Amino acid sequence: MNRNARRGYMSRASLAVMYALTVLALIPLGLVLWFTIAKGLPPALHLEFFTNAFRPPGIPGAGVKHAIIGTGILVGLASVMAIPIGILGGVFLAEYSVSWWASWVRLASDVLVGTPSIAIGLFAYSLVVVPTHHFSGYAGSVALAVLMLPIVIRTTEGAVLLIPNGLRESGLALGLARWRVSLQLIVPAAAPGVITGALLAVARAAGETAPLLFTSFGNQITVLNPNGQLEALPLTVYHYALLPYKSLQDQAWGAALVLVVMVLGINLVSRWVLRRQIRLAGQL
Amino acid sequence: MAAAVETVERAIPPVRKVPDRFRTFTTAIASVAPVILVVIVVILYQQAAPAISHFGLGFLTGRVWNPVTNTFGALPAIFGTLATSFLALAVAIPVGVAVALVLAEQGQQAIRGIIGTGIELLAAIPSVVYGIWALYVLAPWSFEHIETPISDRLGHGLPYLAQPAVRGLFNAALVLAVMVLPTLTAISRDVIRATPRGLRESAIALGATWWETTWKVILPAARAGIFGATILALGRALGETIAVTMVIGNNFQIPPTIFAPAYTLASVIANEFTEATGTLYPAALIELGLVLILVTVVVNIVALLLVRSTGAKASV
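Chains as they are written, first to last, in the working numbering: chain A, 25 to 308; chain B, 4 to 319.
Possibly wrong hints are sitting among the right ones.
List time: in silico SDA-like cross-link candidates among lysine to any residue, alpha-carbon distance up to 25 Å [said to hold, decoys possible]: (1) B/Lys219 to A/Leu266; (2) A/Lys89 to A/Ile290; (3) A/Lys89 to A/Leu266; (4) A/Lys270 to A/Ala77; (5) B/Lys20 to A/Ala29; (6) B/Lys20 to A/Ala77; (7) B/Lys20 to A/Ser194; (8) B/Lys20 to A/Ala201; (9) B/Lys20 to B/Val38; (10) A/Lys270 to B/Pro97; (11) B/Lys219 to A/Gly195; (12) A/Lys89 to A/Ala62; (13) B/Lys219 to B/Lys20; (14) B/Lys219 to A/Ala29; (15) A/Lys270 to B/Arg203; (16) B/Lys20 to A/Leu266; (17) A/Lys89 to A/Leu69; (18) A/Lys89 to A/Pro108; (19) A/Lys270 to B/Lys20.
To be clear, the hints were calculated from the coordinates, so they are not data collected in a lab.
All values reported here derive from a predicted model rather than from experimental measurement.
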């Protein structure tokens with residue numbers, strides 16, 4: 025065979041292999057979604073699944089209301105702590121990006137994103153549970169807030185950097201104070217991107233198990249006071265999946281389905297908003 | 004005339020540097036991130052102090068973990084963490100780089116968008132969902148269709164490939180490979196995209212095929228960045244907790260074969276921390292956490308510097 029033809033075949037064959045590996049990479053996504061739906065849908069189709077709390081195996085009508093409410097409280101509290109600080113931190117990185125301290129903050133945020141969540145759980149345990157002598161929703165939300173903070177910081181920075189400099193200069197030329205330009209002009213213009221970042225952080229926090237194991241600890245009844253032990257959906261999946269009762273394993277799959285729908289829903293919506301924002305900012 | 008000019012000059016006040024209070028304020032707020040990072044390490048060191056002073060460096064090389072006799076050595080957990088992570092990377096690197104190449108240059112925009120979204124969703128699925136899937140679907144399947152055939156054919160000659168088990172090191176590495184794939188792919192794609200366009204065009208102008216361009220020009224140019232992406236993925240793999248805890252078998256030993264039950268630093272903490280009583284036992288577990296966080300911080304910093312040196316926007 026002619027050498028050039030062989031080179032062409034070689035190239036096309038390698039391209040085919042690359043595509044085959046790409047398909048291979050997407051198979052786990054399909055399988056995870058398929059099994060979560062197939063195994064999680066039957067238990068999640070009953071209304072009691074959302075209106076009742078834990079019931080011992082064998083007693084019908086068990087649900088995960090306590091976990092859904094717990095996740096809501098934990099993530100809500102964590103958001104209140106992490107999102108305002110994260111947005112202001114991100115504004116600092118974008119507005120004063122040349123300052124030497126900004127590059128340290130950036131590095132610290134990126135390292136914090138990659139910090140094992142179990143270690144952040146140990147941190148919240150040492151910071152909150154040890155002094156107060158009991159597991160609590162507060163401790164859990166501190167752990168989740170630490171996880172969310174760097175994500176909010178970096179996505180806010182990215183969103184603010186998308187805003188053209190002309191807007192900033194117009195504001196300053198009109199004699200507005202620096203903080204007014206940043207917070208009343210730039211941040212509102214970047215709002216969709218900033219909100220996206222916050223939502224992605226919420227989705228990440230809602231799915232975390234490891235930092236809650238010994239902070240919020242989990243509970244079998246519905247608790248509304250964050251000073252008590254709160255159950256969370258990921259804890260439910262983790263604990264029930266490892267128990268030898270078929271009915272609880274089914275509920276674990278149901279809770280996993282609720283979690284996946286929530287997290288992927290937030291992700292898809294926020295990514296759509298973000299792409300739209302990037303397109304619009306390009307036109308500004 | 005001269006008098007008028009003087010008046011105008013006096014009317015303009017000398018430029019006075021206004022202190023930028025907004026800058027001071029946001030600097031202080033932003034400093035929360037580095038401060039938290041330092042406080043995490045300091046507070047874990049404090050809590051681990053009893054174990055650190057009791058065991059010294061022997062903690063890292065000890066092989067026995069016995070809460071009853073208060074003997075704690077971390078070596079099997081360190082071994083398990085490294086073994087699962089490197090095994091996972093060995094599986095994930097070829098696939099991740101292939102997907103990154105496809106995303107970075109080949110195919111139509113629409114197909115690339117779908118693949119990219121798919122990989123992003125793979126990153127968004129919570130760890131515990133991978134855990135329950137691995138426990139009930141992946142691990143039994145892999146036991147039957149990967150581990151058992153390999154062990155039957157090669158297990159006699161190579162004892163490291165014997166003793167298949169549903170919950171063990173190999174299956175934990177398999178689920179880890181799926182979980183680090185998005186990190187590896189996203190960063191590699193950014194790095195490949197950041198290679199100068201002229202390189203690719205020159206190679207094509209010289210008559211190189213797509214594969215020759217990719218293999219001999221693009222990949223060597225992106226080598227440092229792909230290495231950075233790999234190390235970043237390593238950092239994620241080292242710290243992954245829940246999915247690994249659910250399938251690794253939780254056996255405190257240096258596993259005799261790659262299929263056997265083992266333990267990782269993170270899964271020891273996840274499994275035992277709530278039951279740890281006394282002073283030395285929780286302190287030893289927190290020391291495991293301290294080892295884990297110090298290793299991942301170093302790994303992450305090295306990786307970030309490598310990725311940034313390529314000029315890719317590190318979209319972590």
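Evaluation of the provided hints:
1. Restraint check for lysine 219 of chain B and leucine 266 of chain A: the C-alpha separation of about 49 Å exceeds 25 Å, so the hint is violated.
2. Proposed proximity of lysine 89 of chain A and isoleucine 290 of chain A is supported: the alpha carbons are some 20 Å apart, at most 25 Å.
3. Our distance criterion of 25 Å between C-alpha atoms is met by lysine 89 of chain A and leucine 266 of chain A, whose separation comes to about 20 Å.
4. Restraint check for lysine 270 of chain A and alanine 77 of chain A: the C-alpha separation of about 17 Å stays at or below 25 Å, so the hint holds.
5. Restraint check for lysine 20 of chain B and alanine 29 of chain A: the C-alpha separation of about 71 Å exceeds 25 Å, so the hint is violated.
6. Distance check on the hinted pair: lysine 20 of chain B and alanine 77 of chain A sit about 62 Å apart at the alpha-carbon level, beyond 25 Å; violated.
7. For a cut-off of 25 Å, the pair hint linking lysine 20 of chain B to serine 194 of chain A stands: about 21 Å separates their Cα positions.
8. Between lysine 20 of chain B and alanine 201 of chain A, the direct Cα distance comes to roughly 14 Å. Compliance with the 25 Å bound is thereby established for this hinted pair.
9. Between lysine 20 of chain B and valine 38 of chain B the alpha-carbon distance is near 30 Å, which puts this suggested pair outside the 25 Å criterion.
10. Restraint check for lysine 270 of chain A and proline 97 of chain B: not satisfied, since their Cα atoms lie roughly 38 Å apart, outside the 25 Å limit.
11. About 50 Å separates the Cα atoms of lysine 219 of chain B and glycine 195 of chain A, which puts this hinted pair outside 25 Å; it is violated.
12. Simply put, lysine 89 of chain A and alanine 62 of chain A have alpha-carbon atoms about 21 Å apart, close enough for the 25 Å limit, and the pair holds.
13. For the hint linking lysine 219 of chain B to lysine 20 of chain B, the alpha-carbon distance of about 55 Å lies beyond 25 Å, and the restraint is violated.
14. Restraint check for lysine 219 of chain B and alanine 29 of chain A: satisfied, since their Cα atoms lie roughly 19 Å apart, inside the 25 Å limit.
15. For the hint linking lysine 270 of chain A to arginine 203 of chain B, the alpha-carbon distance of about 57 Å lies beyond 25 Å, and the restraint is violated.
16. Between lysine 20 of chain B and leucine 266 of chain A, the direct Cα distance comes to roughly 64 Å. Violation of the 25 Å bound is thereby established for this hinted pair.
17. For the hint pairing lysine 89 of chain A with leucine 69 of chain A, the CA-to-CA distance comes to about 14 Å; that is within 25 Å, so the pair holds.
18. Pair hint lysine 89 of chain A plus proline 108 of chain A does not hold up; C-alpha atoms about 29 Å apart against a cutoff of 25 Å.
19. A distance of roughly 71 Å separates the Cα atoms of lysine 270 of chain A and lysine 20 of chain B; the hinted pair therefore is violated under the 25 Å criterion.
Figure legend: structure checked against the earlier numbered hints; hints not met, in rising order: 1, 5, 6, 9, 10, 11, 13, 15, 16, 18, 19.
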